[in-house]
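Visitor: Model the placement of chain S on the given structure of chain Z, informed by the hints.
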Amino acid sequence: MFASVRSSGSRLPSSVELNGSQELEAPASLRCHDLWTCSPLVPECRLWDPVHMFLTPVVPDWPFYNLDTMFVRGLKRKCFDGEEDIEGTLAGIKAIPSYNLQRQSLLDMSLVKLQLCHMLVEPNLCRSVLIANTVRQIQEEMTQDGTWQMINTQSTGQASLDRLVSTDILCRSSREQAEGKHVPGYTTYNKDFEGDQAQDSSETMSTASSVQVPRNLQSNVWEMENPQENKGNFQKSLDQIFETLENKSPNSVEDLFSEVDNSYYDLDTMLTGMMSNSKMGHCDGLETFSSPTATASNSNCKSDLNELDHIVEILVES
Amino acid sequence: MIPGEQIFIFMQGLQIFVCQFVCACVCVCLKKDKLYTNVIVSYLFSACVSLAGFGNLMQDVLWCFSQVKGTIDIGVTEADIISTVEFNHTGELLATGDKGGRVVIFQREQESKNQPHRRGEYNVYSTFQSHEPEFDYLKSLEIEEKINKIRWLPQQNAAYFLLSTNDKTVKLWKVSERDKRPEGYNLKDEDGRLRDPSMITMLRVPVLRPMDLMVEATPRRVFANAHTYHINSISVNSDYETYMSADDLRINLWNFEITNQSFNIVDIKPANMEELTEVITAAEFHPHHCNTFVYSSSKGTIRLCDMRTSALCDRHAKFFEEPEDPSNRSFFSEIISSISDVKFSHSGRYIMTRDYLTVKVWDLNMENRPIETYQVHDYLRSKLCSLYENDCIFDKFECVWNGSDSVIMTGSYNNFFRMFDRNTKRDVTLEASRENSKPRAILKPRKVCVGGKRRKDEISVDSLDFSKKILHTAWHPSENIIAVAATNNLYIFQDKVN
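Protein chains in written order, with the UniProt record's numbering: chain Z, 1 to 318; chain S, 1 to 498.
One chain only, chain Z, in its complex shape:
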């Protein structure tokens, strides 16, 4: 088990051959010679299964035991000094991707947790704050490493170190409770989002959002009538999100992202894209999950958008 190489592909020099690297421990059948042109649709080239990474059964299997070992190893990484000789440089490059991958996967996981913690019952503020602090810590470290800078320059063209994601975006629940303080922030983000037309993916996301709104109102009424069911359905809806995402990925996601590279199918890349485009508001990331999902019982994204409408309505009225 190893973290996705693809997610950090944009940050590694293309000349680095990770095939045969001992840190990855890739089984021979799954080794891919050229990682950057491999499509996740081809099973042999799928080095990392994004769906099952997040669908771990708790007991008794521990598919993430290796991930933990990776983390242990990553913590002991050596400092990469720019003045080392070529051998040392290669060794440094090999050591750093492993740590970067771990850090990236942890970041992705944390963002997913924050986004998908919206249920009918208020999410736990303590948990949200702890996850947000972890994300912030990773981002600060990535800023220091310079990796954060590279993401920014490549994706949006705005290299700004001030784009550390604040708790405002990450802790959605706490903001709602702070009587409307976040709303001006929301509208600002929406404006940025609309103005940033350079991204193809953002266009598709905005169309997706407009489609989602009427559906949300209907489904929200349904949710209010069945609060108990929805509470218990959280786990199911989480599974459903990923299952439908995986099942329908060749067709519906392709339609949605027809103008986007194939490499964006990967969950982690979408998350990375979402993270780097965080200024647009995290709700957009949710829409990428919810769009292929037809199940009305998925309350997470739809309730978010509905809340957004609520908040905007309240703002407008006041």
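Everything labelled a hint here was simulated from the structure, so no lab data went into it.
Derived, one-sided and incomplete: chain Z residues facing chain S with beta-carbon distance under 7 Å: (1) L106; (2) E122; (3) L125; (4) C126; (5) R127; (6) V129; (7) L130; (8) N133; (9) T134.
Just so you know, these numbers come straight off a predicted model, no measurement behind them.
Even for Gly, the Cβ is constructed at its ideal location relative to N, Cα and C.
Guide: Just chain S now, kept in the frame of chain Z:
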């Protein structure tokens, strides 16, 4: 035996030993042969007694199973999951709250003289629905009815009072017995129907007649609408007139008689919620000083506040924080340092805090580090990423003191719970399971093996069941009786009575 008893027996033995030694010396001096032999024998006997007393000091308490409450069904109903356990101040009553908003109170039976080897058992005394699910229409969010905490008030009359709270509302319940009822009303007949006044020809005085014992619970006060965030702790003050309720960002002080007002004594909400990095996780009043309380945070710090300094205790009087160990630093360092429970010792001199992997005992007089640190399940340190992924790292374990503050107990996974003896520095891991549920069966200590060869009775880290977690435990205030909540079952264990 609790250490007090052990010391008593030891001292008794010591007294006999000293007396006999003196007699032996006298006899030697007087050189009386027969008396000399007798004295030597009794001297040896008393030496054995005192050694036995001393030996008891070194012996650990043997815990054995007493009772289990709850169903054996494999499927667990969500509403039956026990969310809090608390003994009252005498230990006579044991209250549990569950996720369905119900409170069940057990009462200890009187010890029968026929069976002196069996301690009193706990049987159901009263059960009532404390909180109902509510819906916050403004936020379109449901308010769970799960009982977060129960705290007993000291008994002042024949009735029992307890506070129970869910995420938003605290309620004061009165539990009282009724064993007499009045009969012979004039205006109502026995069924309660009103009698026709024209049919009444004579007046009588109602009399009280005995009836079957009925225990009724009535809500006496409802303290609502004071918390924006989820209430995580309540604590009754030692003046028995006030109590505090703490949520994620604020702590409110209430008077029991006043339900429409509360004082806000701690507020850590930042002006800009974007800057929120720390929340309150637990709070408790000092057991003797009614002006002192502590609260713990998600960053692993404890603040002690004195309400006499100012109305709003935003500035702490003492700040307890242990400097971070740089060798153990990881991405999860902050999460595992978040304190899930804080408890004062009965003496009021120490506080105990529980974070994810350790239990720490702090002296109130020393702020820079704890005086004792106990590893609860350090073998999980290498599994933190997986535990983060399945959210187990956010589990909030509680911890308790025993009556004499010499032993502390906390829960773990796989239905294990751990006890640490502060004097002998020994610890034991026990399991609450149906397999050990034979009456008075002694609990066998369990062991988790980290790696390498697994011995016969050990369990490996990878086989631990992380869905079976013991978050809530309680210890009788004066005896060695513990109540352990394992998901939907309540286990009661006692020490072995000889």
